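Undergrad: Build out the structure end to end from the sequences listed, making use of the hints.
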Amino acid sequence: MTLIQIILLVVFLAGALSSVIRFKRGDIRPSELILWILFWLSAGAVVAWPDATFYFAKIFGIGRGADLIVYLALVLLFFLVFRLIISVEKQRREITILTRLMALKNVDDKKE
Amino acid sequence: MIVVVVPAYNEEKKIGRVVRGLFEHGYEKVVVVDDGSSDETGKLAAEAGALVVCHALNRGQGAALRTGNQFALRIGAEIIVHFDADGQFNPSDIAGAVRLMREKSLDAVLGSRFLDERSRIPWLKKYLILPFARIVNRLITGIWLTDAHNGFRVLSRAAAEKLVIHQDGMAHNSEIVSKIGKNKMKFQEIPVEVVYHEYGQGIRGGLKVLTDIFISKLFK
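So the sequences go chain by chain: A and B.
So that you can map any letter, position 71 of the first sequence is 71 in the numbering used here, and since no number is skipped, the others follow by simple counting.
Position in the second sequence counted from 1, then plus 112, gives you the numbering used here.
Derived from the structure by calculation, the hints contain no laboratory data.
Treat the numbers as computed from the prediction; the structure is a model and nothing was measured.
A couple of the hints might just be wrong.
The list that follows gives simulated cross-link-like pairs (lysine to any residue, SDA-like), each with its CA atoms no further than 20 Å apart [as the list claims (entries may be wrong)]:
hint, chain 1, residue 1, chain 2, residue 2
1, B, 320, A, 89
2, A, 110, B, 163
3, A, 111, B, 186
4, B, 274, A, 97
5, A, 110, B, 270
6, B, 155, A, 109
7, B, 298, B, 256
8, A, 105, B, 294
9, A, 111, B, 298
10, B, 294, B, 235
11, A, 110, B, 152
12, B, 294, B, 258
13, A, 90, B, 169
14, B, 294, B, 270
15, A, 105, B, 188
16, A, 90, B, 246
17, A, 90, B, 281
18, A, 105, B, 169
19, A, 111, B, 141
20, B, 291, B, 307
21, A, 105, B, 182
22, B, 320, A, 110
23, A, 90, B, 269
24, A, 105, B, 168
25, A, 111, B, 140
26, B, 155, A, 104
27, B, 125, B, 159
28, B, 141, B, 160
29, B, 141, A, 90
30, B, 274, B, 155
31, B, 141, A, 104
32, A, 111, B, 161
33, A, 105, B, 187
34, B, 296, B, 269
35, A, 105, B, 185
36, A, 105, B, 125
Using C-beta positions, here's what the derived DEER-type ranges look like [as the list claims (entries may be wrong)]:
hint, chain 1, residue 1, chain 2, residue 2, range
37, B, 214, A, 76, 53 to 63 Å
38, B, 293, A, 52, 51 to 61 Å
39, B, 254, A, 91, 28 to 38 Å
40, A, 92, B, 217, 29 to 39 Å
Beta carbons: idealized from backbone N, C-alpha and C, even for Gly.
TA: Shown next, in the form of structure tokens:
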């Protein structure tokens with residue numbers, strides 16, 4: 001096993017532990033914990049047995065396993081950015097609603 | 113009752129004059145929405161006699177207009193006028209717009225800089241930016257207007273109740289025009305004078321409007 005593989009496996013293990021801690025704190029739901037654990041396990045498996053990705057790459061018609069990982073990572077990143085944009089926009093709208101409610105309530109309070 | 117809604121953000125230098133100008137023209141209900149200004153805008157507007165609604169945070173012109181509409185409807189507005197706080201508009205244009213609305217039973221009257229020669233529009237804006245913005249506006253809203261992004265508008269009570277603004281920023285303009293079209297409201301444009309103190313939104317502002325519209329589409 002190379003040094004980079006060991007470093008990455010330690011990082012992924014830390015990621016998995018952090019997911020469990022966040023679950024115990026109540027920050028994430030059980031379904032989210034399962035998703036994260038699956039993510040860290042598959043990332044660990046790819047690092048531990050890099051040749052295994054070649055098999056999946058062939059199924060998708062991609063030459064190298066490493067390319068498949070990059071493509072999947074890109075798709076995942078796009079998806080996460082999309083979700084992030086939606087969530088930020090939703091929060092902005094909620095802040096506006098709150099600001100408006102406060103502004104109108106202040107006017108009512110002054111009248112009384 | 114006519115209520116003039118003035119969204120204002122850091123306009124302490126001009127807000128007093130704008131509010132007094134509206135009173136001088138006989139408009140008794142002037143609502144200034146201070147959109148989280150860091151200067152004395154709200155205080156000076158109140159001193160000038162306006163009813164002031166203060167946003168604790170700056171949320172954008174669209175958000176301020178929605179707050180203003182809501183407040184105006186609450187105090188019994190029959191007609192709501194949207195009027196900029198930077199002194200660009202001429203209060204004497206309101207009377208004609210209101211008259212037109214009443215005579216023709218319109219739902220909305222929209223101001224246009226291009227229907228007479230009073231506005232001295234910067235060259236680049238007149239011949240390049242605004243014509244392009246008109247085309248984009250047509251694609252977004254489905255309505256051809258002689259002007260794009262003119263903040264002067266008059267709404268009937270029924271129209272203001274229907275036109276709920278979701279765009280917090282400057283894209284509210286396209287949103288309002290789009291909703292006028294979708295709700296099949298009766299509207300007409302009217303010439304208004306715009307005095308340029310600053311250049312206005314520019315290309316970057318236009319791009320921000322398009323981005324906001326795109327993001328809002330993702331919500332549907």
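Undergrad: Taken at face value, is the distance from the CA of residue 270 of chain B to the CA of residue 110 of chain A at most 20 Å?
TA: violated, 28 Å
Undergrad: Please verify whether residue 141 of chain B and residue 90 of chain A have alpha carbons no more than 20 Å apart.
TA: violated, 34 Å
Undergrad: Measure nothing beyond the straight line between the CA atoms of residue 110 of chain A and residue 152 of chain B; if it is 20 Å or shorter, mark the hint as holding.
TA: It holds: about 19 Å lies between the C-alpha atoms, which stays within 20 Å.
Undergrad: Would you mind confirming whether the straight-line C-alpha gap from residue 111 of chain A to residue 161 of chain B stays at or under 20 Å?
TA: holds, 15 Å
Undergrad: With the threshold set at 20 Å, check whether the alpha-carbon distance from residue 291 of chain B to residue 307 of chain B stays at or below it.
TA: violated, 28 Å
Undergrad: Is it true that the CA of residue 274 of chain B sits at most 20 Å from the CA of residue 155 of chain B?
TA: violated, 31 Å
Undergrad: For the pair supplied as a hint, residue 155 of chain B and residue 109 of chain A, confirm whether the alpha-carbon distance does not exceed 20 Å.
TA: holds, 17 Å
Undergrad: Is the distance from the Cβ of residue 92 of chain A to the Cβ of residue 217 of chain B consistent with 29 to 39 Å?
TA: holds, 37 Å
Undergrad: Keeping to a limit of 20 Å between CA atoms, is the pair of residue 105 of chain A and residue 188 of chain B held or broken?
TA: holds, 17 Å
Undergrad: Does the structure keep residue 105 of chain A and residue 169 of chain B at a Cα separation of 20 Å or less?
TA: holds, 15 Å
Undergrad: Could you grab the alpha-carbon distance between residue 155 of chain B and residue 104 of chain A and see if it respects the 20 Å cut-off?
TA: Since the Cα atoms of residue 155 of chain B and residue 104 of chain A sit roughly 17 Å apart, the hinted pair holds (cutoff 20 Å).
Undergrad: Between residue 105 of chain A and residue 187 of chain B, is the straight-line Cα distance small enough, at 20 Å or below?
TA: With Cα atoms ~14 Å apart, residue 105 of chain A and residue 187 of chain B stay inside 20 Å; holds.
Violated hints, in rising order: 5, 8, 9, 10, 16, 20, 22, 23, 29, 30, 36; the structure is consistent with all others.
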